[in-house]
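Undergrad: Line order of the protein sequences matches chains A and B. Residue 164 in this note's numbering sits at position 164 of the first sequence, with consecutive numbering throughout. Every number in this note's numbering is 250 more than the matching position in the second sequence, counting from 1.
Careful, some of the hints might be misleading.
Stated by the list, open to error - Derived DEER-like restraints, expressed as beta-carbon distance ranges:
hint: 1; chain 1: A; residue 1: Arg204; chain 2: B; residue 2: Ala603; range: 49 to 59 Å
hint: 2; chain 1: A; residue 1: Cys64; chain 2: B; residue 2: Arg473; range: 25 to 35 Å
hint: 3; chain 1: B; residue 1: Ala336; chain 2: A; residue 2: Pro184; range: 43 to 53 Å
hint: 4; chain 1: A; residue 1: Asn125; chain 2: B; residue 2: Glu428; range: 24 to 34 Å
hint: 5; chain 1: A; residue 1: Met191; chain 2: B; residue 2: Leu259; range: 35 to 45 Å
hint: 6; chain 1: A; residue 1: Gly140; chain 2: B; residue 2: Glu261; range: 23 to 33 Å
hint: 7; chain 1: B; residue 1: Glu600; chain 2: A; residue 2: Arg235; range: 28 to 38 Å
hint: 8; chain 1: B; residue 1: Arg431; chain 2: A; residue 2: Phe82; range: 55 to 65 Å
hint: 9; chain 1: B; residue 1: Lys721; chain 2: A; residue 2: Asn125; range: 29 to 39 Å
hint: 10; chain 1: B; residue 1: Arg473; chain 2: A; residue 2: Gly236; range: 28 to 38 Å
hint: 11; chain 1: B; residue 1: Ala476; chain 2: A; residue 2: Ala159; range: 32 to 42 Å
Said to hold, decoys possible - When the alpha-carbon atoms are kept at most 27 Å apart in a straight line, the in silico DSSO-like pairs for lysine-lysine are as follows:
hint: 12; chain 1: B; residue 1: Lys683; chain 2: B; residue 2: Lys710
hint: 13; chain 1: A; residue 1: Lys66; chain 2: B; residue 2: Lys683
hint: 14; chain 1: A; residue 1: Lys24; chain 2: A; residue 2: Lys58
hint: 15; chain 1: A; residue 1: Lys122; chain 2: B; residue 2: Lys703
hint: 16; chain 1: B; residue 1: Lys721; chain 2: B; residue 2: Lys710
hint: 17; chain 1: A; residue 1: Lys185; chain 2: B; residue 2: Lys354
hint: 18; chain 1: A; residue 1: Lys229; chain 2: B; residue 2: Lys325
hint: 19; chain 1: A; residue 1: Lys122; chain 2: B; residue 2: Lys683
Source of the hints: derived by calculation from the structure; they are not laboratory data. The C-beta atom is built at its ideal place from N, Cα and C for all residues, glycine as well.
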Amino acid sequence: MTVFTCKESFEAMMTCIYEAWHSKLGHENIRLQLEPVEQEELFCDYVSVQADAGKARKVTDAICRKISGEAYRQVFLAAMSFQEERLDAVYRFLVLGFSVGRRLTDMLFRPEVAWILELSRKSANEASYFREFTRFSLAGSVYVAHIEPKCNVTAISAAHFADRMPSEYWILIDDNRMIAAVHPKDRPFYMTELSREEFAALQRTEERQDGYTELWREFFRSITIDARKNEKCQRGHMPLWYRRHAVEFQ
Amino acid sequence: MEIVSELSLQEKLHILADAAKYDVACTSSGVDRKGKQGYLGNSAAAGICHSFSSDGRCISLLKILFTNHCEYDCKYCQNRASNDVARAAFTPREVCELTIEFYKRNYIEGLFLSSGVWKNPAYTMERICETLFLLRGEYRFNGYIHVKAIPGAPDDLLAAAGYLADRMSVNLELPTEEGMRRLTPNKNHRMILQPMRKTAQTIAEHRLAIGKDALLERSAGSRYLADSIFSGRQIETRGSAQRTEPGGPGTAALGMSDAGTAGLATISSGMKKRAAFHEMDMPADGVYGLPAALRRRDLHRPFVPAGQSTQMIIGATPETDYHLLKTTQHLYQDYDLKRVFFSAYVPLNEDAALPSPDTPVPLLREHRLYQADWLLRFYGFRADELLSEERPNFHEQLDPKCDWALRHLELFPVEVNRADYAMILRVPGVGPKSAMRIVQARRHGTLDFEHLKKMGVVLKRAHYFITCSGKMMYRTPVEEGYITRQLIGMDERQNWQIAHRDGGKYRQMSLFADFGIHT
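Assemble the whole structure, with the sequences as input and the hints as a guide.
TA: In structure tokens form, the structure reads like this:
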């Protein structure tokens, strides 16, 4: 058994799929795994793959052309989920996909397809949660938001905010992965990894509050109908772990 | 308390959010609009919630009244003229600043602006238009706006609001003329249905003008549903054929009519009969003090692109669920409303014409009506299938879909590998998404229960009603009494919780009282 390993970025994952495919070792003789590899297994060869933009591009183009745009969407979302075996799941999905073509995403009776649908739904749902529950605070002239998503949804959420606030400076920070989407006024946003110092400096933005934070809390309190109080229902819609950065709950 | 001049913004927000909270519509859905450079905001057709208040309701929009000063004395309303409550009014700029600043912090998806009737409907509507104009213009706000049409306001002001907002609504509040007579001394059905009709016509004409269908888009799956309430409708626009029957079938029975063609001319004196909004010239400068730009007929914005909505109060007057659902269906069909909302009556005032103040809030009834509303809009059901004159109210313990299925066991079990989309959608535990996945997946292979589970079908409900390749999941008799007992047992807890949402009313079980033991 040969195990191909790579880092967590989408580009690295696609390159890894490229290398695994072209190794011609036979699909049943290989496995794909994300780094870091905790414990290597006996009788396995480990091959670490470095990200390569050209190879990754070939894979994504092939998915769009030979399978479908919907399949690519699901692959991307599934790759952003936090399931440990997602890379291998994507590989198995694509092995089937390159043989059946367009019908792939409809074939929900195949475990590979159902599995990717589930993972992609997880990511998509979380991305939409962070569209809703992200809160920006004003630090100087920049709006800064901190999120702690389980799936890697920062870029997906940032695309939404880029459309929404094209003419503002803002930064969306994933506190756990230490990555950020930075959006300069009237320009496209870009993703960046934060250094320890940058992160520490940005960490403090949440302590700043202005008058509007308090006004928002006032609104939040006033809008409740006491005769219908139902905190269980509230928790169902907005689980506690999503509230960590929502100022109205602090 | 009389007009207090020196209220802080926070105090105003407290008073005017508190006064707006009984309006249930807080959705930001119905329109997809991309952001624009130099502007703030976009809009997603699915709508986006931003928080949930501790009553479990979603907070999507900054829902406020412009003012809670009110000339009207609707008996059920907290802001009625005869109530002694703190009153306040925003300035247009305050509303704009709040909206913009909240929006940039991602607290809200847009603005929901309603108002009490201040001085008179025209004056109030004018203040609302002024605010929206400022927000769309100077503040360059491109997000979602839901505006209330104040019944009795002049048509040109309503038109102006329609061009600035995404959704417009007039609250029907009470489904019968009789109920309105008793509870809303200053309003009647015609005052509400007329602007609704005109808005509907103007929306239709605007849609035709840009090459869309006159009627609003409905759920993606509804084109596969031949008998849904949305199939085969027409909406009257100027130039289209004469309407066959004013108000559509069944209107008279519901006691709902916007007086059709007759009578309108007398109301809007000097205006053309049944003129749609866009035919009108905006008022000249000075008449309402509106900026000249508003006079331009085309503000480069579509007219009410997210459609209209309305709400009805449940439980203040004695209508049955059947009546309410028929009214709902009628509003969807004849006025092409996007949504009808239900608001469980919360006793706020004491009045001989109202239910007593200790009436429990009919939350379960509201819940059932919403479930039925979804069945109308997404599942191809009609009001008459769910309820009838003989059975005018929903089952307490069963949701309307299960209830329907149990009364039509002759149609079940359904074979998932062969049945059509419309029938699969009627199986309890299957929704539009999973039904669509089923019909797509089965073209490429045979489905069994394990696959259905993966596709999101709720098998604990569905398995009584379906077969996969001729087999049911368990050996269950397709027998009404048996399935009813099973389903009720499953839902009991949840229904109890909805009906007793007020919480904290658990009671310690007592040997003496509960088991009849006397000492």
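Undergrad: Next, verify each hint and record whether it holds.
TA: To see whether the hints hold, each was checked on the structure:
{"no.": "1", "hint": "A:Arg204 / B:Ala603: 49 to 59 Å", "verdict": "holds, 58 Å"}
{"no.": "2", "hint": "A:Cys64 / B:Arg473: 25 to 35 Å", "verdict": "holds, 28 Å"}
{"no.": "3", "hint": "B:Ala336 / A:Pro184: 43 to 53 Å", "verdict": "holds, 45 Å"}
{"no.": "4", "hint": "A:Asn125 / B:Glu428: 24 to 34 Å", "verdict": "violated, 46 Å"}
{"no.": "5", "hint": "A:Met191 / B:Leu259: 35 to 45 Å", "verdict": "holds, 38 Å"}
{"no.": "6", "hint": "A:Gly140 / B:Glu261: 23 to 33 Å", "verdict": "holds, 29 Å"}
{"no.": "7", "hint": "B:Glu600 / A:Arg235: 28 to 38 Å", "verdict": "holds, 34 Å"}
{"no.": "8", "hint": "B:Arg431 / A:Phe82: 55 to 65 Å", "verdict": "holds, 60 Å"}
{"no.": "9", "hint": "B:Lys721 / A:Asn125: 29 to 39 Å", "verdict": "holds, 33 Å"}
{"no.": "10", "hint": "B:Arg473 / A:Gly236: 28 to 38 Å", "verdict": "holds, 32 Å"}
{"no.": "11", "hint": "B:Ala476 / A:Ala159: 32 to 42 Å", "verdict": "holds, 39 Å"}
{"no.": "12", "hint": "B:Lys683 / B:Lys710", "verdict": "holds, 18 Å"}
{"no.": "13", "hint": "A:Lys66 / B:Lys683", "verdict": "holds, 26 Å"}
{"no.": "14", "hint": "A:Lys24 / A:Lys58", "verdict": "holds, 17 Å"}
{"no.": "15", "hint": "A:Lys122 / B:Lys703", "verdict": "holds, 16 Å"}
{"no.": "16", "hint": "B:Lys721 / B:Lys710", "verdict": "holds, 16 Å"}
{"no.": "17", "hint": "A:Lys185 / B:Lys354", "verdict": "holds, 13 Å"}
{"no.": "18", "hint": "A:Lys229 / B:Lys325", "verdict": "holds, 24 Å"}
{"no.": "19", "hint": "A:Lys122 / B:Lys683", "verdict": "holds, 16 Å"}
Going through the hint list in order, the structure does not satisfy hint 4, though it satisfies all others.
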